[in-house]
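Chemist: Below are the chains, spelled out letter by letter.
Number of protein chains: 2
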Amino acid sequence: MRLKVEFSYLGENYFGYQVQDGVRTVQGDIEKVLSDFFDTDISFVASGRTDTGVSAIRQVGHFDIKDDVLLAKIKNDSAKEFESLVIRINYLLDKDIRFLHVSKASEDYHARFNAKKKTYFYNLYSSKTEIPYFSQFALWVKYNLDINKIRDAIKAFVGTHDFTAFCASGSEVQDKVRTIYEAELIENEMGYITLKFVGNGFLYNMIRIMVGTMIEVGRGKLTKDDITKIIENKDRTLAGKTVSAIGLVLGSVEN
Amino acid sequence: MRLKVEFSYLGENYFGYQVQDGVRTVQGDIEKVLSDFFDTDISFVASGRTDTGVSAIRQVGHFDIKDDVLLAKIKNDSAKEFESLVIRINYLLDKDIRFLHVSKASEDYHARFNAKKKTYFYNLYSSKTEIPYFSQFALWVKYNLDINKIRDAIKAFVGTHDFTAFCASGSEVQDKVRTIYEAELIENEMGYITLKFVGNGFLYNMIRIMVGTMIEVGRGKLTKDDITKIIENKDRTLAGKTVSAIGLVLGSVEN
Chain C
14 MRLKVEFSYL
24 GENYFGYQVQ
34 DGVRTVQGDI
44 EKVLSDFFDT
54 DISFVASGRT
64 DTGVSAIRQV
74 GHFDIKDDVL
84 LAKIKNDSAK
94 EFESLVIRIN
104 YLLDKDIRFL
114 HVSKASEDYH
124 ARFNAKKKTY
134 FYNLYSSKTE
144 IPYFSQFALW
154 VKYNLDINKI
164 RDAIKAFVGT
174 HDFTAFCASG
184 SEVQDKVRTI
194 YEAELIENEM
204 GYITLKFVGN
214 GFLYNMIRIM
224 VGTMIEVGRG
234 KLTKDDITKI
244 IENKDRTLAG
254 KTVSAIGLVL
264 GSVEN
Chain Z
14 MRLKVEFSYL
24 GENYFGYQVQ
34 DGVRTVQGDI
44 EKVLSDFFDT
54 DISFVASGRT
64 DTGVSAIRQV
74 GHFDIKDDVL
84 LAKIKNDSAK
94 EFESLVIRIN
104 YLLDKDIRFL
114 HVSKASEDYH
124 ARFNAKKKTY
134 FYNLYSSKTE
144 IPYFSQFALW
154 VKYNLDINKI
164 RDAIKAFVGT
174 HDFTAFCASG
184 SEVQDKVRTI
194 YEAELIENEM
204 GYITLKFVGN
214 GFLYNMIRIM
224 VGTMIEVGRG
234 KLTKDDITKI
244 IENKDRTLAG
254 KTVSAIGLVL
264 GSVEN
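From first to last, the protein sequence lines stand for chains C and Z.
Heads up: the first sequence is residues 14 to 268, going by my numbering.
Heads up: the second sequence is residues 14 to 268, going by my numbering.
Treat the hints as calculated values from the structure; they're not laboratory data.
Computed from a predicted model, the values in this text were never measured in an experiment.
Incorrect hints may have been included.
Anything over 10 angstroms on all C-beta distances counts as not near chain C; from chain Z, calculated [as the list claims (entries may be wrong)]:
1) Val58
2) Ser97
3) Lys168
4) Thr177
5) Glu202
Taking lysine-lysine and the DSS-like style, the derived pairs with C-alpha atoms no more than 30 angstroms apart in a straight line are [said to hold, decoys possible]:
6) Lys189/Z to Lys162/Z
7) Lys108/C to Lys88/Z
8) Lys237/C to Lys254/C
9) Lys79/Z to Lys108/Z
10) Lys162/C to Lys209/Z
11) Lys130/Z to Lys189/Z
12) Lys108/C to Lys189/Z
13) Lys141/C to Lys117/Z
In this text, a Cβ means the ideal position worked out from N, Cα and C, and glycines have one as well.
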């Protein structure tokens, strides 16, 4: 049986999602708990890998399990039984990772290939001096930023484009065409801003480069027209720097 | 000379603002750094004491210093010299505390008595299962909450009232009349909510009790009219529980 899992994590103490030898990863922690719980090797597949330090509010994954192994742990595949399974697995997981929901999926369901829409948030604040409270979850930008310029220019990302200029060099992905459905600046009353991106998928470091480029816009170094040209020219060196992962959060995955 | 200080801190590793023997406090850290830096005992006064774990985005304080002691460290009392002073003091402070601004104040200025308006934020989220990313800075509420009921009922706090029902028992303050200028619910795109309170002052645990009471409203256990009656009756036992400090942040102080 294939099971779909919605899960959530605070990434700050993990070396990213994907399993790597010798370091703590979200996938590694989950596979260990599931394998121990079911007493059989379990491979866990997520909709996408998040980088070191990046959190997820609602990420999606799946894993396969033999019916008899599952039914040794729960009575049947009803929602109620899956709810009790979630509680028991959460009891075993570190408090930084939580399963939110488990359900039966069709055999051809795949958390990565079925992911139709992902929402990412990036928090940042502009201040001469660091604000320690914000720095827990937001990037500190020392420059003054013109918020309205960013609010306008970020719209240049919306649509279907070849995002080669916004992909880390060395990425092995061939097709760099992605669709951004939504890109917007949200002001938070506390004094920081959030850049929200909704797309059908994102290239390696794509959001962190888009945010670095928006900071250049806020500083007055680039305009909205420049963003359009940078996309067209497919030249990574014209876009802004890759900002740190500190402000990045995967909000949700639709599939 | 009396100096006014705007400062900021992440409260999670401190036993609150106020100096206490044997534990780490914000005031204790600041007084130690200032006393070492100026090589004389310095007492630091803030606009208000925040509880254990509570952060401040922009808090205000003052301290007195002899002119010759100050002028041994900076050339004159120009803004530029105070800016360099801020940088040097921040270098000595733990990264969880930052001075944002220092300026000369009149001799009768007092950070606490002159505080005219304070803004507090309280973050919380409703979810069956904990969301580890939110739990860094927001209270986890397991119940379903009707956001619109809270949005409406929170307005009952606005105005000048005797807030005895919303003050921790044992408080020594006699005059429990306070004015709330603004009380509102703000929805965050990421999925949590923030309750914002602006007032001329707040009693001990007042915000945490108001938030606990708003949770009862969101659950459908209390109505907006009940809030008005609870205020009138001045009975602490009718209001909600005092919620944890996890979601509380001092936003700013006007004086």
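Chemist: Take the hints in turn and mark each one as holding or not.
Modeler: Verification of the supplied hints:
At the 10 angstroms boundary, the C-beta of Val58/Z stays outside the reach of chain C, the nearest C-beta of that chain being 21 angstroms off. Interface exclusion of Ser97/Z from chain C stands, the closest Cβ pair being 13 angstroms apart, more than 10 angstroms. Every beta carbon of chain C lies more than 10 angstroms from that of Lys168/Z, the smallest distance being close to 17 angstroms; the non-interface claim holds. The claim that Thr177/Z lies off the interface holds: its Cβ sits roughly 29 angstroms from the closest Cβ of chain C, which is beyond the 10 angstroms cut-off.
Not every C-beta of chain C lies more than 10 angstroms from that of Glu202/Z, the closest at about 6 angstroms, which undercuts listing it as non-interface. Between Lys189/Z and Lys162/Z, the direct Cα distance comes to roughly 27 angstroms. Compliance with the 30 angstroms bound is thereby established for this hinted pair. For the hint linking Lys108/C to Lys88/Z, the alpha-carbon distance of about 52 angstroms lies beyond 30 angstroms, and the restraint is violated. Restraint check for Lys237/C and Lys254/C: the C-alpha separation of about 17 angstroms stays at or below 30 angstroms, so the hint holds.
Distance restraint check for Lys79/Z and Lys108/Z: the Cα-Cα separation of roughly 27 angstroms lies within the 30 angstroms cut-off, and the hinted pair is therefore satisfied. Restraint check for Lys162/C and Lys209/Z: satisfied, since their Cα atoms lie roughly 28 angstroms apart, inside the 30 angstroms limit. For the given pair, Lys130/Z sits about 16 angstroms from Lys189/Z by alpha-carbon distance, which is consistent with the 30 angstroms threshold. Pair hint Lys108/C plus Lys189/Z does not hold up; C-alpha atoms about 40 angstroms apart against a cutoff of 30 angstroms.
Among the hinted pairs, Lys141/C with Lys117/Z is consistent with the structure: their alpha-carbon atoms are about 20 angstroms apart, no more than 30 angstroms.
Taken one by one, the earlier hints fail for this structure at numbers 5, 7 and 12, listed in ascending order.
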